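Undergrad: So you can see what is in the structure, the chains are spelled out below.
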Amino acid sequence: MPENANELTNLGIKAIRDGVAGGEFTAREVAEAFNAAVASASELNAFIVTTPDHALAAADATDAKRARGEDLGKMGGVPIGMKDLFATKGVQTTAASHILEGFKPQYESTVSQKLWDAGAGMLGKLNLDQFAMGSSNETSYFGNVNSPWKKDGTNAAMSPGGSSGGSSSAVAARIAPAVTGTDTGGSIRQPAAFTGICGIKPTYGRCSRWGVVAFASSLDQAGPMARSVEDCAIMLEAMAGFDPKDATSLEMDVPNWEAALDADLTGKKIGIPREYRMEGTDRAILDSWEQGKAMLRDAGAEIVDVSLPHTKYALPAYYIIAPAEASSNLARYDGVRYGLRDLPEGAGLQDMYAATRAAGFGDEVKRRVLIGTYVLSAGFYDAYYTQAQKIRTLVAQDFEKAFEACDVILAPTTPTASFPLGSLNDDPLTMYLNDVFAVPASLAGLPAMSVPATVNSDGLPLGLQIVGKPFDEQGVLNAGLAIEQRAGFDAKPEKWW
Amino acid sequence: MTSYRIQGAKGEWEVVIGLEVHAQVTSNAKLFSGASTAFGAEPNTQVSLVDAAMPGMLPVPNRECIRQAVRTGMAIEAQINKWSRFDRKNYFYADLPQGYQISQLYHPIVGEGQLLIEADEKAGIPEDKIIGIERIHVEQDAGKLMHDQHPTMSYVDLNRTGIALMEIVSKPDMRSPAEAGAYVRKLRSILRYVGSCDGNMEEGSMRADVNVSVRRPGEEFGTRTETKNVNSVRFVMQVIEYEANRQVDVIENGGTVDQETRLFDVATGTTRTMRSKEDAHDYRYFPDPDLLPLELEDSFLEDCRASLPELPDAKRARYESQLGLTPYNARELTAEVETFGRFETLLAATVAKIGKPEAEVATQVANWALSVAPGVVKSLGEEANIANATAEAQASILAMQDKGEISGGQAKEIYEIVLRTGRDPQEIADTEGLKQVSDTGAIEAAIDEIIANNTDKVEEYRGGKDKLFGFFVGQTMKAMQGKANPAVVNQLLKDKLG
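In order, the protein sequence lines correspond to chains A and B.
All letters in the first sequence, in the order written, are residues 1 to 497 by our numbering.
All letters in the second sequence, in the order written, are residues 1001 to 1498 by our numbering.
Treat the hints with caution; some may be incorrect.
[Unchecked claim] Dumping the calculated DSSO-like pairs for lysine-lysine here, alpha-carbon to alpha-carbon at most 27 Å:
| # | chain 1 | residue 1 | chain 2 | residue 2 |
| --- | --- | --- | --- | --- |
| 1 | B | LYS1378 | B | LYS1356 |
| 2 | B | LYS1467 | B | LYS1378 |
| 3 | B | LYS1378 | B | LYS1412 |
| 4 | A | LYS401 | A | LYS269 |
| 5 | A | LYS495 | A | LYS14 |
| 6 | B | LYS1478 | B | LYS1496 |
| 7 | B | LYS1353 | B | LYS1478 |
| 8 | B | LYS1144 | A | LYS390 |
| 9 | B | LYS1082 | A | LYS245 |
| 10 | B | LYS1378 | A | LYS390 |
| 11 | B | LYS1129 | B | LYS1089 |
| 12 | A | LYS366 | B | LYS1089 |
| 13 | B | LYS1277 | B | LYS1403 |
| 14 | B | LYS1478 | A | LYS104 |
| 15 | B | LYS1277 | B | LYS1171 |
| 16 | B | LYS1378 | A | LYS245 |
| 17 | A | LYS14 | A | LYS366 |
| 18 | B | LYS1353 | B | LYS1315 |
[Claimed, not checked] Stretch by stretch, here's where chain B covers chain A in the computed footprint (C-beta under 8 Å, at least three residues):
| # | stretch |
| --- | --- |
| 19 | 29-42 |
| 20 | 91-103 |
| 21 | 138-144 |
| 22 | 321-328 |
| 23 | 378-388 |
| 24 | 480-489 |
Hints listed in this document are in silico derivations from the structure and should not be mistaken for laboratory results.
Only a predicted model underlies this, so the values are computations on that prediction, with no experimental measurement involved.
Glycine residues also receive a C-beta, built at the ideal position from the N, C-alpha and C atoms.
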């Protein structure tokens, strides 16, 4: 066993799994170390509820299996954080909203169940932007999440990104070795980039959406967030797989991504989309993009220019499609069957709806429900929703064409580094621009990941994004691994919490 | 041909009718969840997490419901759309947990088809008529609100939530209540033949939205009203009569008909406004992002087609052309699944017993099945045990009759005893003396005596008064106590009277 628990909490999935399997330490020791780290990090506000007993029970089960000589599973002995968008049986599941406060599902989401089946345990439910709507983790009913990172020389609270902000904060702060995230328009990749960790959104349909509180069904995709590409590969294997309970689930076998990891990119072509050179992108981001190209060239790949001509329409289209779906998906939160019910004295059904939803949803959720309702309304549907769907098709076709000339695409994950909490509150459009590089891959349903590249002059992490062909998570992971090996990203936030 | 017309104070009006029939798909499970669909269960006992719209729950199409919709489409000779899609119809109501109904607005699974309603002079349908069907789409049913369980609150029962419905939309092709009634009956019959809906209107398995407008004959369509959830053929016809007359009154009094949704009041037989066009919901239909488009493979369609039974029109035609039944008998026997089922079983059993081709016994079996047997059952009332009315027993009776062993009257008497006791018809005929005498010796003796006692009548007959033949038959049957075989009696009388 390592000399102190601190060393255990520095470990990632692979190191913990292999250490437990090899008898270097017990799963219980690992769970206890992370439980303690979580308990001491309340200032980050990364967790909405903690579930130390869940983590310990899973750890004990793993230790018992080891004693019996049984297989420990892909994630045996690894405690993880669960984004509070995944339904967890008997454990409060809120989507960071007031309307679901206190809601304890009678069911377990497919993805979380798969993780438990693979030997993982749960440290707690991670904070997020309410209903996954946000890019800074400032829309949670349970308060902002703080990034463990600080801008050099300042003490301002920084955004961990969103919507998987509790997830990114926890992994970066090393209070969880890995976590689940969900990505609708960048919600895994942008927080990963802001906090110097890895995160992959697989091809749409790889991970079941069953039991994941829906934001925008045609875009929502779960994925892992961890501190290494290899850990992402391991955890994604545990999360993915066909689920007959999700009609959009991919009926494909899950590849052995971990085993096939290979940073040698000889013969591979890396596409550089010229339309991603956008105004307003930080110089440091553009520089890191150049460095990324050099790293991949060094790994044996050829760099080619590609064009994604409809890129500039992707973000507006996304902000029509996602709210449209959300406005309908969130109609079920009506105070009738579960969650918050606000029934004013003498109120009828319509009054109950209005009061419940007014009290239960935050401002950003209301904004998107209103936008979505508007764009689907009679007389506006064709002008907005139909047009947006056409753009979505064109964006997907852009990628198809680009992939005729390359194997994966390299781009920045975000146009800027993290920003102080509160700095963009009055400017939703600028906030939405955070996802400008992330959204196109979401619209096209493509696998995409962010890996840490470097830190900027403020000491804040920057990420690089790799987008792959449909079902080619392996190509994305391999390119990510090549960057990871060459970037040598070893910056860590200094502990202040 | 006389057309149905509303006689207004200021002339004649024609009524134009279109029907949207909601038919509950026969399936053990709901359209997008595994929950049961059995009728009459305790409230909220047949509700899955999907039906209750719990967070993160997803719909998965039930293949059986899709199959039934396709088979129904094929039965109305409709175009089957190999590519269709589900849309969400968004509105808030307590019986709609998702806040939207999954339906098919833009791309329904079944396109245009048609249905034949038969001429029925008595009902006011002078000739056969084809009614066009616009489409069939598949959608979820809603739950049920219960307002009588609590003084101030309403309760919700979600058992029905998510059950699969087919919405069968006709073209505005009907012109009278009778045609609409015939359309609903025919549609119900087809659904029951196909087995895609039990057609039980009392339990709500089938209900109609009735679209009615009036116009001067031959002019443009008028403004229509839609009366919702009408749940019997009779009520459909009532709604049309009431609405058509109401609309004529409105127009003739200088008003205009509002395009609106109305409700039928069963107690008064009238309709009233439910919501006007201004209050109409904006349903914000859009493709359901939880579901992929429905793509039907050729093999699936072939299986659906192969599984279709002989349908009412084809069966009726075959009964006339191949079995030689009268149009009336053919229509009556093919109207309902149960009727033709019983008939075909009895026909097969009778053919097996008699050993003649179907066509030679079909008329006898049809008359028995449609009038003789029901008459006996009716006359017995509660004494009849229908369980005894087996095809085997009835075929035995028909076979004895065919062979001349029993008369028609004896057949009824034997059937009465069968229904009461379940005894074997052959045994009844033997032990109860319910058999005809075909022994020519006994009959000849009786005839000889009658001829001897009625020499005057014999002379008259021989002199050309043919009508007297019946007198001799009657006398002979009387002498034989009704048990003589009429054919034998006839033959012997002819021989002896010369």
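Undergrad: If a hint holds in the structure, say so; if it does not, say that too.
TA: Do the hints match the structure? See the list:
no.	hint	in the structure
1	B:LYS1378 with B:LYS1356	violated, 30 Å
2	B:LYS1467 with B:LYS1378	violated, 35 Å
3	B:LYS1378 with B:LYS1412	holds, 12 Å
4	A:LYS401 with A:LYS269	holds, 14 Å
5	A:LYS495 with A:LYS14	holds, 24 Å
6	B:LYS1478 with B:LYS1496	holds, 18 Å
7	B:LYS1353 with B:LYS1478	violated, 31 Å
8	B:LYS1144 with A:LYS390	violated, 39 Å
9	B:LYS1082 with A:LYS245	holds, 23 Å
10	B:LYS1378 with A:LYS390	violated, 68 Å
11	B:LYS1129 with B:LYS1089	violated, 34 Å
12	A:LYS366 with B:LYS1089	holds, 20 Å
13	B:LYS1277 with B:LYS1403	violated, 70 Å
14	B:LYS1478 with A:LYS104	violated, 88 Å
15	B:LYS1277 with B:LYS1171	holds, 21 Å
16	B:LYS1378 with A:LYS245	violated, 54 Å
17	A:LYS14 with A:LYS366	violated, 41 Å
18	B:LYS1353 with B:LYS1315	holds, 24 Å
19	29-42	violated (count 0)
20	91-103	holds (count 4)
21	138-144	violated (count 0)
22	321-328	holds (count 4)
23	378-388	holds (count 3)
24	480-489	violated (count 0)
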